[in-house]
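Peer 1: If you read the protein sequences in the order shown, they are chains A and B. By this note's numbering, the letter at position 154 of the first sequence is numbered 162, and the numbering carries on one by one without gaps. By this note's numbering, the letter at position 9 of the second sequence is numbered 2, and the numbering carries on one by one without gaps.
Take the hints with a grain of salt, since some may be wrong.
[What the hints assert, rightly or not] Derived BS3-like pairs (lysine-lysine); straight-line CA-CA distance at most 30 Å:
1. Lys237(A) to Lys46(B)
2. Lys184(A) to Lys388(A)
3. Lys406(A) to Lys157(A)
4. Lys46(B) to Lys503(A)
5. Lys46(B) to Lys107(A)
6. Lys157(A) to Lys458(A)
7. Lys237(A) to Lys406(A)
8. Lys46(B) to Lys17(A)
9. Lys46(B) to Lys110(A)
Calculated from the structure, these hints are not laboratory results.
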Amino acid sequence: MEVAYLYTKVRSEFGKQTNFSDQDTRILHTIPQTDEFEDDYIPRNPVCTTVDTCPTYSEHETNTDRLVTKASSIRHAEGGWPKDVDPTEPADVQRYRKKAEKDDDYKANMKALGPIISRCMRQNNTIDIYEEYFAGEDRDWSSEPPSAKGLAVFRDPNEIKRTATSINWHPEGPTKIAVSYSILNFQDPKFSNARLPVESYIWDVTNPNTPDQALTPPSPLCCLRFNPKSTDTLVGGSYNGLVSFYDLRKSGAPQECSVIEKSHHDPVYDCFWISSKTGNQCASVSTDGNMLWWDTRRLGEPVDALQLSTGKDGAVLGGSAMDYHKEVPTKYVVGTEQGIVLAINLRNRKQNNGIAVYDQNHGKHHGPIYAIHRNQTHTKFFMTVGDWTARVWMEDLKTPIMTTKYHSAYLTSGCWSSTRAGVFFVTRMDGIVDVWDYFYRQNEVAYTHKVGDCALSSIANDATTGRLLSVGDVEGTVALMEVCDSLATPQHNEKSAIGAMLERETKQEKNLELRERDLRRARDKAKGETGETEEEKEAKAQAMEEQLRAVDADFLNMIKEAEDDEATAAAEE
Amino acid sequence: MSSEVEETLKRIQSHRGVKGVLIVSADGVPIRSNLDDDETQTYAALLSQLATKARNVVRVLDDQDELAFFRIRSNKHEIMVAPDPEYLLIVVQENVK
């Protein structure tokens, strides 16, 4: 049986298109049935087969393209005028209005509309139909478990990822945030990139897609703050130590900038607008150990300068965090790179330049202080965040009155809640925000919220509602979160309870300090008593020494005599 | 007849807390107002659009119906708008404290 078919094609037909046509059925070859191979057939035993009662599914994943929307608007102010009337011409407008008022239709309509409005107005004046019936009713949120939800994410639009080093809320409401971006790592490989972006951004919280406004400082900003008195102006401190002033009404370029020779020599870690008549004054700290005061109208040189040191000849400390509260306008609290807290009171400049140094032993942080923040309701108390703990201090005491337990990751920033006296937030290196609620318990974190995988770097709570929390991370992403009512609404008598708790801790710390002083005094006294016996001891030791010297001399004499004897004996022989 | 209109307006203005009274044509042209020019323009432009929209809403919901009145309550003011096919009467009243 050979099935072969010789197929020939003429060269000229190569590449010609094929023409198909109908044809009758033709049998080319048939294979008849046969028993020939029947003996070779072996039934397979056992036969394996699988069945499945479950329907089979396959999984497939796709991600839709990110749709970037842009909000834009047009303003239509003057319009609807007939073609022949020019609305900018007062005479025309006047004429048109006169004509309109003469219209019968107009008169009739107005007469009809008048009573409708009157009725509503009388109603408004008589009863308040929008009256809040249950005003003053405190809702108890405490039974509700604390929670938080993410609302939006603001990403640094630049390719090179920089840390969101500070976040500042618009002072007049949770509408905008100012975020500064820079790289604080020492000799980060990104620095070798010549095109390291310098921009920092103002974000509108309702529009996470594009920044509301970009600021272009000479060097990346490490801190940025709105002026509470004139909210269109900001002050920022740069990585190279410059302080610059911005006016959002004009442009994103600095309106005024300090000069290198008279600025900080290290990154400006924090800057604050301070209370002044003109509202133009601000203060800045840096790790070069200086604290400088500026007038934003003339940033040519600082108004005032102060070196942060522990004493006259003491060590210079690098300021890494600062807080200024308008209710305590003369006192600044500064956290330093060395973990020591300083309070600066300019009214008291005679004593060590007005610097009060807090505990330098057990009370200080084991590393730099990343955040320092006064309690918003009890301004005498403030919190510092450094190493693995957050500590609460009282202005007049050298040691912290409360310390959180050691967290399982480094803390990177923190702030008090602006509405609840006993609540504060801390951010951690492992991307978690921990919420402490001292009104609920002091030994454990009240609520933990995972924001992302990378380390967090900054946090801010909006000042008006206290419900919104913005958290920045090292990748330049700022997450906007909303905390639940129980974490934002002040609880019944919380203010007084927290006040009492802080007072109690202060008293305890004071007592401990007093006891330590007593103990030290007692020890000193005991030392004084043992001092007398020491004299005796000394006398004894002297006697002993003399005796030893005598014995030594005797021994040497004896040896000498013996030698002499030997010598004489030898001579005699 | 014109004096009757005047009278009506005067009566409206005499009520407590009235900040402004405007008459605006359906096209958004302010005809009468006792507010300053800028505010008049803004109110006229915004509310005539809102009135058109509100009228459409009512019409779509029930084509036999007609918008009769609407008020906007804000924290500071209440804006009352009495619409008519050709004119709008707008009154801005301050909230009673």
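Peer 1: Next, verify each hint and record whether it holds.
Peer 2: The hints, checked one at a time:
{"no.": "1", "hint": "Lys237(A) to Lys46(B)", "in the structure": "39 Å, violated"}
{"no.": "2", "hint": "Lys184(A) to Lys388(A)", "in the structure": "29 Å, holds"}
{"no.": "3", "hint": "Lys406(A) to Lys157(A)", "in the structure": "38 Å, violated"}
{"no.": "4", "hint": "Lys46(B) to Lys503(A)", "in the structure": "48 Å, violated"}
{"no.": "5", "hint": "Lys46(B) to Lys107(A)", "in the structure": "27 Å, holds"}
{"no.": "6", "hint": "Lys157(A) to Lys458(A)", "in the structure": "10 Å, holds"}
{"no.": "7", "hint": "Lys237(A) to Lys406(A)", "in the structure": "33 Å, violated"}
{"no.": "8", "hint": "Lys46(B) to Lys17(A)", "in the structure": "78 Å, violated"}
{"no.": "9", "hint": "Lys46(B) to Lys110(A)", "in the structure": "28 Å, holds"}
Hint check: violations occur at hints 1, 3, 4, 7 and 8; the rest are consistent with the structure.
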